[in-house]
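Protein sequences appear in the order of chains A and B. This note's numbering applies: residue 17 is where the first sequence begins, and numbers increase by one. This note's numbering applies: residue 0 is where the second sequence begins, and numbers increase by one.
Derived by calculation from the structure, the hints in this document are not laboratory data. Note that beta-carbon positions come from the ideal geometry of N, C-alpha and C, so glycine has one too. Among the clues, some could well be false.
[Stated by the list, open to error] A few chain A residues that don't get close to chain B, going by computed Cβ distances all over 10 Å:
#: 1; residue: G61
#: 2; residue: A119
#: 3; residue: A180
#: 4; residue: D199
#: 5; residue: D211
#: 6; residue: W245
[Unchecked claim] Pair by pair, the computed Cβ-Cβ distance ranges are:
#: 7; chain 1: A; residue 1: L109; chain 2: B; residue 2: A21; range: 52 to 62 Å
#: 8; chain 1: A; residue 1: S231; chain 2: B; residue 2: R83; range: 53 to 63 Å
#: 9; chain 1: B; residue 1: L286; chain 2: A; residue 2: R39; range: 33 to 43 Å
#: 10; chain 1: B; residue 1: G94; chain 2: A; residue 2: K219; range: 31 to 41 Å
[Claimed, not checked] Calculated Cβ distances over 12 Å to all of chain B for the following chain A residues:
#: 11; residue: P103
#: 12; residue: P105
#: 13; residue: D205
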Amino acid sequence: MVTGASRGLGRALAEVLAAKGARVALVAREAGPLADVVAQIRGTGGIAHAVIGDVGDKQAAHRIAGQVQGLVGDVGIAIHNASTLGPLPLRLLLDTECEDLAAVLETNLIGPFRLTKIFAGAMALRGAGTIVHLSSDAAVEPYPRWGAYGVSKAAQDHLSRILAAELAETGVRVLAIDPGEMDTKMHADAIPDADRTALQRPKDVAARIVAMIESSTVLTGARLSAPSWTVTP
Amino acid sequence: MKFQRQAIRVVDALRPRGTTIALKADEVSRHAVRLVVVDRARESVRVVAFGELPALLRAGDLVVVNDAATLPASLFGTTARGERFELRLSAPIAGSRLYGVLLGEGDFHVRTEERPTPPRIAAGDRLRIAAIDVVVEQVAGRRVTLVAALSDDELWQQIYAAGVAVQYAHRTEQLPLYAVQTAYAARPWAVEMPSAGRALTWDVLLGLRHAGVQIATLTHAAGLSSTGDDALDRALPWPERYELPAATIEAIEATRARGGRVIAVGTTVVRALESAALEAESRDAPLTLAAGSGIATLRLDPHYRPRIIDGLVSGLHVPGESHFELLSAFAPRSLLVKAIALAAQHNMSGHELGDACLVL
Numbered sequence: 017m018v019t020g021a022s023r024g025l026g027r028a029l030a031e032v033l034a035a036k037g038a039r040v041a042l043v044a045r046e047a048g049p050l051a052d053v054v055a056q057i058r059g060t061g062g063i064a065h066a067v068i069g070d071v072g073d074k075q076a077a078h079r080i081a082g083q084v085q086g087l088v089g090d091v092g093i094a095i096h097n098a099s100t101l102g103p104l105p106l107r108l109l110l111d112t113e114c115e116d117l118a119a120v121l122e123t124n125l126i127g128p129f130r131l132t133k134i135f136a137g138a139m140a141l142r143g144a145g146t147i148v149h150l151s152s153d154a155a156v157e158p159y160p161r162w163g164a165y166g167v168s169k170a171a172q173d174h175l176s177r178i179l180a181a182e183l184a185e186t187g188v189r190v191l192a193i194d195p196g197e198m199d200t201k202m203h204a205d206a207i208p209d210a211d212r213t214a215l216q217r218p219k220d221v222a223a224r225i226v227a228m229i230e231s232s233t234v235l236t237g238a239r240l241s242a243p244s245w246t247v248t249p
Numbered sequence: 000m001k002f003q004r005q006a007i008r009v010v011d012a013l014r015p016r017g018t019t020i021a022l023k024a025d026e027v028s029r030h031a032v033r034l035v036v037v038d039r040a041r042e043s044v045r046v047v048a049f050g051e052l053p054a055l056l057r058a059g060d061l062v063v064v065n066d067a068a069t070l071p072a073s074l075f076g077t078t079a080r081g082e083r084f085e086l087r088l089s090a091p092i093a094g095s096r097l098y099g100v101l102l103g104e105g106d107f108h109v110r111t112e113e114r115p116t117p118p119r120i121a122a123g124d125r126l127r128i129a130a131i132d133v134v135v136e137q138v139a140g141r142r143v144t145l146v147a148a149l150s151d152d153e154l155w156q157q158i159y160a161a162g163v164a165v166q167y168a169h170r171t172e173q174l175p176l177y178a179v180q181t182a183y184a185a186r187p188w189a190v191e192m193p194s195a196g197r198a199l200t201w202d203v204l205l206g207l208r209h210a211g212v213q214i215a216t217l218t219h220a221a222g223l224s225s226t227g228d229d230a231l232d233r234a235l236p237w238p239e240r241y242e243l244p245a246a247t248i249e250a251i252e253a254t255r256a257r258g259g260r261v262i263a264v265g266t267t268v269v270r271a272l273e274s275a276a277l278e279a280e281s282r283d284a285p286l287t288l289a290a291g292s293g294i295a296t297l298r299l300d301p302h303y304r305p306r307i308i309d310g311l312v313s314g315l316h317v318p319g320e321s322h323f324e325l326l327s328a329f330a331p332r333s334l335l336v337k338a339i340a341l342a343a344q345h346n347m348s349g350h351e352l353g354d355a356c357l358v359l
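Let's have the full structure, built from the sequences with the hints guiding it.
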């Protein structure tokens with residue numbers, strides 16, 4: 017399962033996983049863009065299913081999980097990629113409405129938590145599975161104006177570590193991966209005047225992340241940085 | 000569903016003729032479930048917190064759970080003539096095919112058996128269920144097979160958008176989908192919750208692990224407990240699909256080899272494993288269970304001699320119910336009646352989302 021799969025890194029992750037033969041459930045809010053991605057993956061011989069849902073909606077959690085497991089079966093890899101920056105342009109924390117901070121936490125922290133509660137239980141009994149939380153350097157560095165997003169990602173990093181500790185020896189791996197700066201809509205939303213040529217392409221980052229997931233040297237609880245990760249033979 | 004009465008009355012065989020005891024039917028938080036322990040060897044019954052399960056089992060025992068998630072199996076629709084009905088799915092969704100039973104108009108506030116009969120339909124009829132257009136492929140009484148004119152993705156989307164969990168008549172509010180999922184639910188194959196595993200929180204599951212108790216899974220398509228039709232209800236449970244992972248069979252064999260006990264969580268696990276055992280016997284390979292898919296056809300009764308299962312976690316059931324009869328295959332009836340009497344004395348709940356018992 018890949019959330020936020022209709023564009024950017026989520027789309028690229030779904031494409032890479034499908035190209036490797038995974039049955040991929042793509043989760044996104046908007047039906048149209050999602051259908052295009054699913055059709056594209058199927059066109060190249062991949063197995064892909066569209067699940068329309070908002071991870072920030074409490075009522076949607078079991079609907080999303082039920083459709084995912086109904087369509088692709090037991091989930092081996094759950095990638096929490098969907099996230100929101102909150103209102104644009106990015107605001108100082110003291111200018112951030114409480115409701116906006118709560119909404120960002122709902123999508124970036126509590127949404128992944130709800131889905132992980134569902135998927136990780138089944139993974140733990142089967143003794144295998146990987147949960148990936150897409151993080152950001154904003155989780156570590158206190159960038160002004162990135163408050164809501166940064167807080168949500170820092171909390172998600174810690175959620176990842178605590179889950180890893182609680183699920184130690186169950187065979188479930190829980191990872192946080194910082195993909196680095198990419199040429200995506202989210203990046204353009206946050207930094208409209210960025211030099212796009214200096215940014216990584218989502219496709220390349222997705223290939224690295226999938227290689228990380230496949231690597232037996234990546235242990236549960238790890239927080240990894242995609243740009244600095246090298247493929248070891 | 001089975002526990003639609005506010006209280007379940009049971010004749011206590013150990014009391015003077017004619018006196019009854021009542022088991023309440025309230026929902027219990029999954030963190031507060033209590034367990035009646037029925038100990039066959041000691042011929043004793045006692046009440047403990049469900050969380051003590053790890054201490055009640057031994058290192059080397061195996062607990063087998065049904066990992067089926069529960070579908071939003073209750074959907075509403077109309078015929079081409081505008082008659083309203085409820086469709087209750089009775090089996091997993093198979094491609095574009097839906098299997099289920101029809102009930103007449105009315106919602107969950109009306110007890111299933113008091114609902115009006117469903118509209119008459121015939122093969123070839125077109126129905127609209129929520130936003131799903133279906134063609135009736137087969138009809139047998141109120142049992143139907145429907146074919147949806149949607150892609151798989153759209154069909155699943157519509158079912159989760161419009162469907163709700165099969166409801167209890169005595170609830171004032173709708174039972175949400177999350178309330179009928181176990182902590183390890185995976186593929187949505189069950190149309191009613193495999194509820195014996197409801198109190199298996201991760202605290203208990205990890206506690207079992209730490210106590211040296213192994214845990215294995217199977218997936219069993221738990222079916223409806225009530226169809227609104229007496230004749231159909233008497234034939235329940237219908238044949239149900241199950242899938243037995245190779246790892247679970249290995250775990251069962253290893254458990255038997257080391258003298259451990261196989262503990263089933265729920266009657267669906269009993270049906271799946273014992274059906275697989277009977278299938279093995281029919282191949283002249285007793286106890287050599289086959290991995291993969293099967294159809295559970297076994298109808299348990301007090302005379303059934305379990306081949307695989309040594310113990311059972313179940314909800315609380317009273318004499319006369321099919322689940323109680325099933326329990327009689329695992330323990331003497333008198334001991335089970337004593338257990339129910341003790342449960343009543345402790346004010347325990349016989350609701351499907353209530354308290355539980357452990358037969359060892």
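Confirm or reject: P103 (chain A) is not an interface residue toward chain B, with every Cβ-Cβ distance exceeding 12 Å.
The claim holds: P103 (chain A) sits with its nearest Cβ about 29 Å from chain B, beyond 12 Å.
With respect to the beta-carbon atoms only, verify the hint that L109 (chain A) and A21 (chain B) lie 52 to 62 Å apart.
holds (58 Å)
For D205 (chain A), is the shortest beta carbon distance to chain B beyond 12 Å?
Given that every Cβ of chain B is farther than 12 Å from that of D205 (chain A), nearest at about 28 Å, it holds.
Taking the minimum C-beta separation from D199 (chain A) to chain B, is that value above 10 Å?
The assertion about D199 (chain A) holds, with a minimum of 29 Å to chain B.
Is W245 (chain A) truly not at the interface, in the sense that its beta carbon sits beyond 10 Å from all beta carbons of chain B?
holds (31 Å)
Least C-beta distance between P105 (chain A) and chain B, which was stated to exceed 12 Å:
Nearest chain B Cβ is 34 Å from P105 (chain A), so the label holds.
Interface exclusion of A180 (chain A) relative to chain B, criterion Cβ beyond 10 Å
holds (14 Å)
Using the beta carbons of G94 (chain B) and K219 (chain A), state whether their distance is inside 31 to 41 Å or not.
Since the Cβ atoms of G94 (chain B) and K219 (chain A) sit about 33 Å apart, the hinted range of 31 to 41 Å holds.
Given a hint of 33 to 43 Å, does the C-beta separation of L286 (chain B) and R39 (chain A) actually sit inside it?
Taking Cβ atoms as reference, L286 (chain B) and R39 (chain A) lie about 34 Å apart, which means the hint holds.
Examine each Cβ of chain B, and state whether all of them lie more than 10 Å from the Cβ of D211 (chain A).
Non-interface label on D211 (chain A) holds, nearest chain B Cβ at 39 Å vs cutoff 10 Å.
Minimum Cβ distance from A119 (chain A) to chain B greater than 10 Å, as the annotation requires
holds (21 Å)
At 10 Å, judged by beta carbons, does G61 (chain A) keep clear of chain B as stated?
Correct as stated: the minimum Cβ-Cβ distance to chain B is 17 Å, above 10 Å.
Violated hints: none; the structure is consistent with every hint.
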